Every structure is written in C-alpha cells, then in structure tokens.
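Fit chain B to the given chain A structure using the hints.
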Amino acid sequence: MSMTSLLTFTPWPAVSASILLVLLVAALYFARDTAHQAIQTAASALARGLRVASHSVSRAQEHLAARNREVLLAAGREAKERIVEREFARVGDAVRKDLAGYPDMHRRLSEAIRRIEEDQAKAVEVPPDAPGWAEAVKVVADLDSHNAGADILSDIHKSMVKAHAEAMNDYRKASAERHALLRRMMPDWRLIQETLGRVSKSVESVIDRSQVIDRHMGEYETLVRGEDRAVSVLSSSSIVYFFISALVLAVATAGTAVNFTLIARPMAEMVGGTNFIGAFRTADIAALVIIMVEISMGLFLMESLRITRLFPVIGALSDKMRVRMIITTFVILLLMACIEAGLAYMREVLLLDEMATNALLRGDEAGSIVNAHLWITTAAQMGMGFVLPFALVFVAIPLETFVHSLRTVVGLIGIAVLQALALLLRLLGNASRHVGALAQRAYDLPLFVPLWIEARTRAAARAASSPPGSTEADSWREAHT
Amino acid sequence: MKGRLLLLSLVLALTACARSTPHNTGVYLLVDTSGSYNRQVRKAEQITLFALSRLQSADSIAVARIDTGSFTEKDIIAKATFDDRPSTANQQKRAFASHVEKFIDQSMPAPYTDITGGLLQAIEFLNEKHTARKEILILSDMKEELAKGYVRDIPLDFRGFDVVALNVTKLRTDNFDPRQYLTRLDEWRTRVEKGGGHWRVINDLDRLDGLL
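Top to bottom, those sequences are chains A and B. Under this note's numbering, residues 1 to 481 are what the first sequence spells out, in order. Under this note's numbering, residues 482 to 693 are what the second sequence spells out, in order.
Any given hint could be a false lead.
Which chain B residues face chain A? A few, computed with CB under 8 Å, are given here [as the list claims (entries may be wrong)]:
(1) N505
(2) G516
(3) L530
(4) T562
(5) R566
(6) N571
(7) K574
(8) M623
(9) N648
Quick caveat, the hints were computed from the structure, so don't treat them as lab data. Here the structure is a predicted model, which means the values were calculated and not measured. For every residue, glycine included, the Cβ atom is placed at its ideal position computed from N, Cα and C.
Isolated chain B (complex conformation):
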C-alpha cells in the first residue's frame, strides 16, 4: 500500500514538474502605410479589435507598420503579451486598442512598401515568443516597392506560421491587367509555402470568423 502511494506521489510530482506544451497564440499584424494603401489603414483597427477579442491570457500580439524599411523594432506600433490573470489581460487589451487607435489617427503615408522586412520582423518576434500558434496578418495590397539599397531577396522560414493576407486591394494597374494582381498573390503564396508556411487570403473583412 505504501509502495503504491509512493508511486502515485512520484507520478503526480513528475506530471507537475513536466514542462507543459504551450497552448498560446501569437499574432503579428502588419499594416501597410504606403501611399497606395494608406486610405485602408483604418481597417487595421477593426482587425486589431477582432484579434484582441479572440486572444486569451498568455497570448501575444503586435501591430507594426509596413513602410520604407520595415525590418526594425521602431515600426512596431504596439505589442503585448497578455497576463496570466484574466482581469489584467482585459486591461492590457483595452490599453492596446487605445494605442492602435491613436496610431491610426496619426498615420502618415510612407513612400515605399517593404513587406519582406515586415515579415522578417514578424517571424523574429513570434519566434521569440515561443507561441504554439503563429499568425502573421498582412493588411496590404501586397505590392512590394523597395527603396534603393534595400536587399530583400532572402529566403523566409515560415515553418509553423499561418500567413493571412487581408483586404488585398486591387491597384489601378490591376484593373487594366488582372493578371498582375493574380500573379502578385501567386508569387506571395509560392514564397510562403516554399518557406514551409500556410497561406490564406481574406478580402471580406466582415467575415473574419475563420481567422484565429
């Protein structure tokens, strides 16, 4: 009997000490602030609020802008890892929403669009957070325009990442030749899937239920 109790205690202790697998989610929202897309920036608030409503304690979120050079922490507008306690997490959510709203009100258009740099920054951020689920949301027309001297022809490691392009608007040139739009999306899909990630496009922001 004593032996059984000892064994049971040992099993319980080992179970308690065992490193539990993470169950949290990490979300990185990239907001395109280039001149061609700046009018759509207000939709970032809607997506942020939606993401905040879905996230729980210990989840992480960051909102960053895509501008001329996006591979920098300076472009991160707001970031948070929610506290263990639900009440604190709620306070953090409210503060985060307020921060993003302030950014959107003061957003200035950028001359170039460095999507790859933003993605690199997103990968770095989410890998550091060690979240179980990693989502990169891109609110952009997916038209990359790099300034002179920026090298972005580098392979991206998207293993374990879900990359979701949101509200991919059509450019004026796309209307003349829709193949440009389709090719653009296809190139991004290939790039993400080649990096081991999963690619999705959601253009209807009223139907974000499948997201997160």
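Next up, chain A with everything else stripped away, as it sits in the complex:
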C-alpha cells in the first residue's frame, strides 16, 4: 500500500494525513511504556555485553602482560647468565694463567730471597780488631827504669802504626766486599719488586672482575625476584635493541640487494634468462637462493662459534663436532665467496659484451671502445663479491637481537592494543546506555501533545486532591518533570 493510497481514504488528503497522524501518535502513546522498556532492555543488554567484552579483553591484556613479563625476565636472566658466565670464564682464565706461573714465580722469589739473605749474612761480617797493644803500652810506660822503656815504646809505636795500616787495609777491603755484595742484591730486589707488581696487577684485575660479577649478580637477583624496576629496564632495553637491530638489518638488506645486483645478471648465463617460476625469473630466484644460503651458512657459523644462540641444537653439540661444523661452514662460505667473485667478474664481461653489441647495433663506434681504467671497477666488483658473503655472516647477531626483542615489542604492542580495545568497549557500553536514554526521549518527541495533556491532567488531579497550601507553581514543576 503506497503513501498516496493511504491519503485517499477521505476526499481530502490533508484531512486523511491529519487523521493518520493522530492515529499514529495515539498508537505510539499507548505503546509508550512497552517501547521504553524495550529500548531500555536493549540498551542495558548491549551495555552489559560490551562491559563483559571489555572485562574479557582486560583479562586477556593482563594475561599477555604477565606472559610478556615472564618472557622479558627469562630473556633478561638468560642474558645475565651469559654475562656472568663470560666474566667467570675471564676470571678463570686470569687465575689459571697466574697460577700456572706460580711455582716458577715462587721458585724465583725463593732463590732471590736466599741470595739476598746470604749476601746480607756475608755483608755483616766485620774484620778483626787490631792487636791489644794499648794495654802493653800502658804497662811499659808505668815502668820506672830511666828511660829504659823508650825503645820498647818506639818499637811498639812502629808495630802499632804497621798494625793500624794493615787494619785499615783490611777494613777497606771488607767494606768494598760488603758494597759489592749489596750491589749484587739490587737485581734480586728488582726481580722481587717486578714479580710482586705483576701479582698485584693480577689480584687487582681479579678484584675488579669480582666487583663486576657482584654487580651482575645483584642485577640477576633482582631479575630472579621479578622486581618491577628490572622489568621496566628490560622492557626499555628491548625496545632500543629492537630499533637498533632493525636499523642494522635494514643496512644488511641493502647489502643483500647490492650482492643480488652483482650476481643476478651472470646467473642468467647459468640458469637461462627467460625461465620463470611464477612471476619471477629463475635467474633472480637462483641469485637470491645463493645469498640466502650464504646467510644461512653465516648463521650456522655464528651458532657454532657460540656467538649467537638461535639454534640450541648447535650450541649443545660437542666441542669436536662444533669445530667440524665451523670448518665446514667456513669452507662453504669461502667457496660461495669465490663463486660470487667469479660471477662478479662474469657480470663485467657480460656487460662489456652487451655494450659492444648495443654500440654495434646503434652504429656507434665510440661506444665499443673499452675504458683503460675499467679494471678498477672489475676488481672492485670482484672484491665486493668476495667480501659481502663474509660481511653478511654478521647479520646473525642483529637478527638474534631482533628476534628476541621482537617478542617483547609485539607483546607491548599487543598490550597497548588490548588496553585501547578494552577502553573502547567500555566507552561503547556507556554510550549505548546513554543512547538508550536518548532513544526514549526521541520516542517521546512526537508525543509531546498527549504527554502535555497527561501532565496537565495529572497536575490538575493532584491540585484537586492536594491540601490548599500547595501552589500552582509546584503543579507546573511536577508537570514538567
């Protein structure tokens, strides 16, 4: 039934429209309570649902945060264990080195001390005193015999002078010997001083290392206890590592692109330039595969050297097997580098051939002239072809950091997204409740006439039943509320 036919049940469309409007308003008025209840129920149900969803998302966010925290702490613990392990290894190396030389050092010190003691013992020996002529002279001088002792005294004097001269000679000789002995002690003293200096340095180094270990152990303990500060530090470190490793990986990708350019053209000579796998040239795919194999070999080499720890299986291999793996991967890398250098040379040859052909086809004689300094670019290309595979080996380090920090960063992003989602759901829940109230008001809007009449009627009825003290203003206020 169309709108036009609805308006024709009376001869006058305006009257028909008015009657229809009145009927509609009446129907809406009588269904008002039911409609309000329906709107309120729907809005409440929606709000409740959204609130429940918000709670669920909040719980998921908490779970993710807890998981992220565990991952962070585990990664932090692992990193700290590696640092402490390395520090212990260094201390062990230092102690082993010093203790290995200890018996020799002890022997040299003992010998030096013994020599010093002997020399010192020799140095303290004093020459014998001159004979005791003084008492004899006194006895002779006391004799009263007319100058009879003068000759004796003169002889004694001569003997004394002679004895003194001999004593002085002996004394000088003994002093010279003592000085020589003392001089001989000096190298031993120096040896002792140097040895003790070395020992002191070693001990200081060990003390420094032990302080570093103490600091790391302190941090490790905070990690084991799962303190918030440690988590916060690890979290911010992870984000920094993520961006730094991403930057380095971007540089490595650029290096890969250069490498690809070097070998893609000559690869067409090997696998053909017109074969396609899907939408990609087989030669391009082959070049990419070579580069990927090089990167894989680099990863295995780094794993075997225990610089990275992406593959626990390789890290857990016996030392003998690891050494074999190091040699194997290095040899493969070397071969790849040689192949790349050859391909880079081939590229230059092909380029020259193509340039010559194009020059011929263009009828350009000058284009086919070979530059005398072309060997420089050829050598540079070969050098790059040889060096880049080895340079790409080091991609393993930022890759490991990127992978480890990616877990944390993705976790943090997930937490932020879930938080935002929970907030949005909560806002939507509240908004749906308000929208319900608004819908009720909107429903009442076309019913303003019957509602006004109802309010008036109620006010009049209340005024009639209320005591005489109540004012008309109160009735109006009630009618409007």
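Here is chain B on its own, set in the frame of chain A:
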C-alpha cells in the same frame, strides 16, 4: 608443523612445475623489394638494428622480403630465436645484423609486390614461435601488385598481432591524387582490424621509440 612444511613443499613444487606464461616477443620484418620501393631498402637495416637492440633472450626475429610471391620460406632472409644465455644472444644479434647487411647490399628489385603473401608467412612464422607479443613490421609503400595467377583475396587472422607499416612512401600517383594514398592505408587498416589485429603507421624512422 610437519603438515605445514609438507603443504609448503607441495605449493613450491606445483609452482615450479606450473607452465609459466611466455614473456617473449616475436618480430617479423617484411621488406618491400619491388621496383617502386627498392631505393628505401637500406632503411631496413636501421629498423632491424633497432629491433635487435630491443629484443632479449628467447625473443624471435625474422626479416623477409616482399617480392612477386612472398608466401614462401625462401623469402625469409634471416631468422633467429635468441638463446637463453645473454652472451649467446648477443652473438646471435651480431650475426643476424651482419646477415641482413649482406642482403641489403645484394638486394635486387622485384617486379611485383605480394604484401598479403608476406603477411601470411609472417602470421605462420610468429604463430609457430608461440610468442607472447607478435609484431609484424612492414617496410613498404603498401601498394600491392600481384602477378597473374596469385590469389590473395583471403581473410587474414591478425588476432594478437600488432601490424606496423613503416616509412609508407607516397607514390607518384599519390601526389596527383592523395586520396589514393589515404584509401590505400585505410584499406589495410580495415583489413588488419577486421582480422582482429592492431594497425599503426610510423613514417618517421627517427622516432621509433614507440616501436617494441
């Protein structure tokens, strides 16, 4: 995990085994050697060299003359499908250029001009090569003159072909009545487009950039 790896391997194997769509180009250059056009034949070398400079590995090219009866392999002066390896392809290009140059030096004028026969031969050649893109270049004044007994009133299937008329010179009669020239070109256009092909005319050989 094993299932995923298996699926990935299967997808890779299927992708590798799938017949890839061709990306190559086939070019067939028809050179008019009739008496009215023989002086222009040297321009065929320029066009050939241009085409060779644009073609890559796995592309095909043939140069054939238009003479009294052109629907024959004997009229193909040189043909080549370039090797997969770029270095071999370059050698082939040089040999091809040398071959065409030799032909041009020894070219003799033909009494009649069988353009339709040449086009039929070109269609046959390029269809056999299964190239993704097919270009027929005609270096001619497009004035067909058939010897007695040659039937060329046959429909041509140009679906998938680009037909390019190059250096369409005006004849002495065209100067008297240019409508002849215009009608001639229009007739060829209609014939090519009716056969499902795409028709172009390039008279300025210094501006061949749009070609190939």
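Using Cβ atoms only, decide whether N505(B) comes closer than 8 Å to chain A, and label the hint accordingly. holds (7 Å)
Closer than 8 Å between Cβ atoms is the bar; does N571(B) clear it against chain A? Give me holds or violated. holds (4 Å)
Using the nearest Cβ pair, does N648(B) come within less than 8 Å of chain A? Violated, about 18 Å.
Hint check: 8 Å Cβ-Cβ cutoff, M623(B) to chain A: Because about 27 Å separates M623(B) from the closest Cβ in chain A, which is outside the 8 Å limit, the hint is violated.
Would you settle whether the hint for L530(B) is holds or violated, based on the nearest Cβ-Cβ distance to chain A being less than 8 Å? holds (4 Å)
Against chain A, run the beta carbon of G516(B) and see if the smallest gap drops under 8 Å. With a closest approach of 28 Å, the G516(B) hint is violated.
Answer holds if the nearest beta-carbon of chain A is closer than 8 Å to that of T562(B); otherwise answer violated. This interface hint is violated because 10 Å lies over the 8 Å limit.
Take the shortest C-beta to C-beta distance between K574(B) and chain A; is it under 8 Å? At 6 Å from the nearest chain A Cβ, K574(B) passes the 8 Å test, so the hint holds.
Chain A contact restraint for R566(B) - C-beta distance below 8 Å: holds (5 Å)
Hint violations for this structure: numbers 2, 4, 8 and 9, all remaining hints satisfied.
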